[in-house]
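Engineer: Residue numbers (our numbering): 98 to 505.
To be clear, the hints were calculated from the coordinates, so they are not data collected in a lab.
Treat the hints loosely; a few may be bogus.
[What the hints assert, rightly or not] Cut-off 30 Å, straight-line C-alpha distance, at most; resulting in silico cross-link-like pairs (DSSO-like, lysine-lysine):
(1) 197 <-> 149
(2) 197 <-> 287
(3) 400 <-> 149
Predicted, not measured: the structure shown is a model, and the values here were computed from it.
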Amino acid sequence: MAGETCPYPFLKADPMAMPEEFAWLRDHDPVCPVTLPSGDRAWLVTRYRDVKVVLSDTRFSRDLNRPDAARMNTAIGFGNYGNPFADPPVHTRWRGLVAKAFTPRQVERLRPRVRQIVEELVDRLIATGPPADIMEGLAFPLPITVLCEMIGVPVEDQARFRDWVHDMLSSELTSDERALAAVTLIEYSKALTDTRRREPADDLLSRLIQVRDEDDGRLDDDELFITMMTLLVAGYKTTAAQLGKGLLTLFRYPDQLTALVEDPSLIDSAVEELLRYSPPGAGVGITRYATEDLDVGGVVIPKGSTVIVARHSGNRDEEHFPDGETFDVRRPTSNQHLTFGAGPAFCFGAPLARMEMAIALEVLLRRAPRLRLAVLEDEVPWTSDTAAQAPEAVVVAWEPEMAIIGHA
Numbered sequence: 098m099a100g101e102t103c104p105y106p107f108l109k110a111d112p113m114a115m116p117e118e119f120a121w122l123r124d125h126d127p128v129c130p131v132t133l134p135s136g137d138r139a140w141l142v143t144r145y146r147d148v149k150v151v152l153s154d155t156r157f158s159r160d161l162n163r164p165d166a167a168r169m170n171t172a173i174g175f176g177n178y179g180n181p182f183a184d185p186p187v188h189t190r191w192r193g194l195v196a197k198a199f200t201p202r203q204v205e206r207l208r209p210r211v212r213q214i215v216e217e218l219v220d221r222l223i224a225t226g227p228p229a230d231i232m233e234g235l236a237f238p239l240p241i242t243v244l245c246e247m248i249g250v251p252v253e254d255q256a257r258f259r260d261w262v263h264d265m266l267s268s269e270l271t272s273d274e275r276a277l278a279a280v281t282l283i284e285y286s287k288a289l290t291d292t293r294r295r296e297p298a299d300d301l302l303s304r305l306i307q308v309r310d311e312d313d314g315r316l317d318d319d320e321l322f323i324t325m326m327t328l329l330v331a332g333y334k335t336t337a338a339q340l341g342k343g344l345l346t347l348f349r350y351p352d353q354l355t356a357l358v359e360d361p362s363l364i365d366s367a368v369e370e371l372l373r374y375s376p377p378g379a380g381v382g383i384t385r386y387a388t389e390d391l392d393v394g395g396v397v398i399p400k401g402s403t404v405i406v407a408r409h410s411g412n413r414d415e416e417h418f419p420d421g422e423t424f425d426v427r428r429p430t431s432n433q434h435l436t437f438g439a440g441p442a443f444c445f446g447a448p449l450a451r452m453e454m455a456i457a458l459e460v461l462l463r464r465a466p467r468l469r470l471a472v473l474e475d476e477v478p479w480t481s482d483t484a485a486q487a488p489e490a491v492v493v494a495w496e497p498e499m500a501i502i503g504h505a
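Turn these sequences into a full structure, and let the hints guide you.
Structural biologist: Set out below in structure tokens:
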């Protein structure tokens, strides 16, 4: 394979598995040319240290809206739109403003409410009894409820808001149906923004409206909306997918699930290992554009090339994670994974995602003893979106007579 151009993305029959090609490439051809379904060429980066180099070097641009950038297929490019996907200084200004409104301290303030939401969702699951779909009963409603409350969507509007977001991001609906949901969501969000300008509240949207940079600049309406959409896409669908994939991974390795049940102090470590081993939306990878000739791992990537960094491959790199193909909830270095990115575009929502996942796992495993998959693994339905493949339903069972009913 070395020196040749191979087709990418790699095919895999098991949606939970890592394509075998990545391990070979890390050892023999870690920065290699690939051919996309469109016929365009790109460079694929698979080693941990090289992935970090590309993500940390701003000469690898995030702007893929260029005429010579590679396209995934004849209909779809890798174009990224708006300030979250811009290069410095535009991205630096946007991120600085958002970071002032979305601080780790403010995220930590959400912990009691996140726990309450999880406990209430698990209450309903236990009251209904097994079997139950964890995606419908917990993984989807948890992050969108948290986001609605954090943004400041009134309680009476949250059900509609959740439906619009779900439809806008659905890979199962038609493009017209997704577009209708997006337009409706835009109109609602603009109206809510106008309301918060007149009547500020203690919520993220009000803080985003009020925040200023060192030059007394503010986020304009388009920037506010793009920020909200970024939070919704990353904070809803991705978090739900991670929780679903995380549970499926634990079911696949019952010894690790048992260790977690017997020692809940491993929860935080397990969350990091799940993020490393089975990240959400691994799909194709993160794309960049080389603005000049750049050396990566001893290979010169020519100016004008599209570069794909495979974070999920880097997460298995045994140079950085010894025995990296093994899932181990006790792994001490799991939190060095690349799932939230690296460099100036590191995901600022990472603390919230970690919190939601840790609380969900702790409460679920504590209150639903002997939790297990209620169907065969190959009967689990998956979305058709190969770029962000996720389980559509994860039907589980537990011992109802041992379940903890109600919460403090």
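Engineer: Enumerate the violated hints, using their earlier numbering and listing them in ascending order.
Structural biologist: none
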